[in-house]
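Engineer: Next come the chains, spelled out residue by residue.
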Amino acid sequence: MRSNKKGLIIAALLTMILTIIVVNSKGFEAILYKLVSSKSTEGSRTLLVVYFAQHVWMVFLSSLIAVTLGIILGIFVTTNHGHEFKELLLKTVSLGQAFPSPALLALAVPILGYGIKGALIALVVYALMPIIYNVVIGIEEVPKDIIDAAKGMGMTETEIYIKVKIPLALNVILGGIRTALVINISATTLAAAVGAGGLGVLVVNGVRTFDMVLILEGAIPVTLLAIIVELLLKELQKKMITPQAIDMSH
Amino acid sequence: MIKINNVTKKYGEFTAVNNLSLTVSDAEFLVVLGPSGCGKSTLLRLINKMIPRDSGDIEVDGENIDDLKGEDLRKTIGYVIQSIGLFPHMDVKRNIATVPRLLKWTEEKISQRVDEMLDLVGLDPNQYKDKKPFQLSGGEAQRIGVARAIASDPDILLMDEPFGAVDPINRLRLQKEFRKIQRKLKKTVVFVTHDIDEALLLSDRICIMNQGEIVQLDTPERIVLNPKNDFVKNFFKGEGILTILSRKPAVDYAEPRILDEEPLDENATLREVLTLMLTTGIDKVSLVNGSISWDHILKIAGSDQV
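Chains A and B, in that order, are what the protein sequence lines are. For the record, in the first sequence the residue sitting at position 16 is 16 according to this note's numbering, with numbers rising by one throughout. If you count the second sequence from 1, you need to add 1000 to reach this note's numbering.
Just a few of them, taken from the derived set where beta-carbon distance is under 8 Å, the chain B residues facing chain A:
(1) N1048
(2) E1071
(3) Y1079
(4) I1081
(5) S1083
(6) F1087
(7) P1088
(8) H1089
(9) T1098
(10) L1102
Calculated cross-link-like contacts (lysine to aspartate or glutamate; reagent style EDC-like; alpha-carbon spacing at most 16 Å):
(11) B/K1176 <-> B/D1204
(12) B/K1248 <-> B/D1197
(13) B/K1284 <-> B/E1262
(14) A/K163 <-> B/E1071
(15) B/K1104 <-> B/E1071
(16) B/K1069 <-> A/E157
(17) B/K1003 <-> B/D1026
(18) B/K1180 <-> B/D1204
(19) B/K1010 <-> B/E1213
(20) A/K163 <-> B/D1091
(21) B/K1104 <-> A/E159
(22) B/K1069 <-> A/E159
(23) B/K1186 <-> B/D1026
These are calculated hints, taken from the structure and not from any lab test. These numbers were taken from a predicted model, which means no experiment stands behind them. Using N, Cα and C, we set each Cβ at its ideal position, and we do this for glycine too.
Starting from the given sequences, assemble the full structure and let the hints guide the process.
Structural biologist: Right under this line is the structure:
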């Protein structure tokens, strides 16, 4: 119970810090200039909050698409109709994951042009693997006898999914979504390379000019955001049924 | 009533059920008994269309099961399996309410029914209905499994070794309680087991299966006393007679002779009478309506009177 609360408290604390940084970016820059030496003196020309909003928006859109697509595809390949596509899908998404993300972004540019579209495609491809894998594993790990009982009581295949398989797989599915989101938050930094904006702009500019302040100004909010999302989703997962509860029931 | 006509089920080259015919009457408790792999579970799963058959016909309550959708058929037949398969994410009341919910009963009717079912299986509704399956003991979970199977009041119950995973003491109690419930509610039960004592204790008739075929189908008494062949004889190893005696209330076999002794409890069975004789060395035992002698038990045990 105690450690339960601890996660939430840390998440709340970090959210406060992140809010202060984003809202009062000039003050944040001033602190950074005191801590690290830098050639520049003015920090970012565009306000941090603009990049932050772009970043969150891209994470939100790409995650929404990836979660929706991942759950639909993942569930589909566990059904009798989609079973034959399972291996193909899993191989394809792990290939997408293995492909270097900067290269994936670069390839998206000639097809979709500069801007958010190309970035979104690359981010979705990147986030799909953990989601699809966990949907498939979560559903396939639901004990056979429980499904047998559900079928034996007259549930249709759809009812078995809605009432039994998905609720019991939810914990594992959420784990996949959590991984995908954390990957996505940091991978969105690369979107700056194709002109889609986001906190990556600061990091990219900072790297180009060897400006530590700019790099940190972009990297710190990204890290904080990733940790907060990770903590919150972990708490949500704890509320779901644990695998032990499944094991102890038979 | 269940009518099975020349039904065959094959898994590749292996014939699990071979051209089998069988009729189960209304309110009958039929136990299908046999070694593992004899096709008894397959037979059960053919009745509620959990698996398709290769040939033959099955009728449930006068209707050919091919005319019904699998899910619709299964909603009208209770089904209990050894591992119970309670839904771990639902509390006891939602588990019991599964079929009533599928049948779209009103919430009020469902809640009333859940309490009734818990009472029926001997669990206090207020204490149990909000528990999660992982908080239940094996015996409690199996009671909930039975309650869930009969919640929508199906006429027929299919049970696949339902008490197999329960410890011996609780198993005997569950068996006796369930037999009482079955008599009270007049359910037609097809009960699969490999436990001979369980079969003898519960059944109206026993169907002994081997290699996908029926070897003998008769009352437990007749099977024990007149085994059809060596397979049946070896299967029972002669021990069945004691269990048969434990089905029989001693008062039903009393001789008019009154003994000047404290009579045995009126629920005592012939087996208890025999045990008393063997442990104390007496050859006559007093009953509430007379008495019974060693010679008389020997006579009953060896005859069709049992």
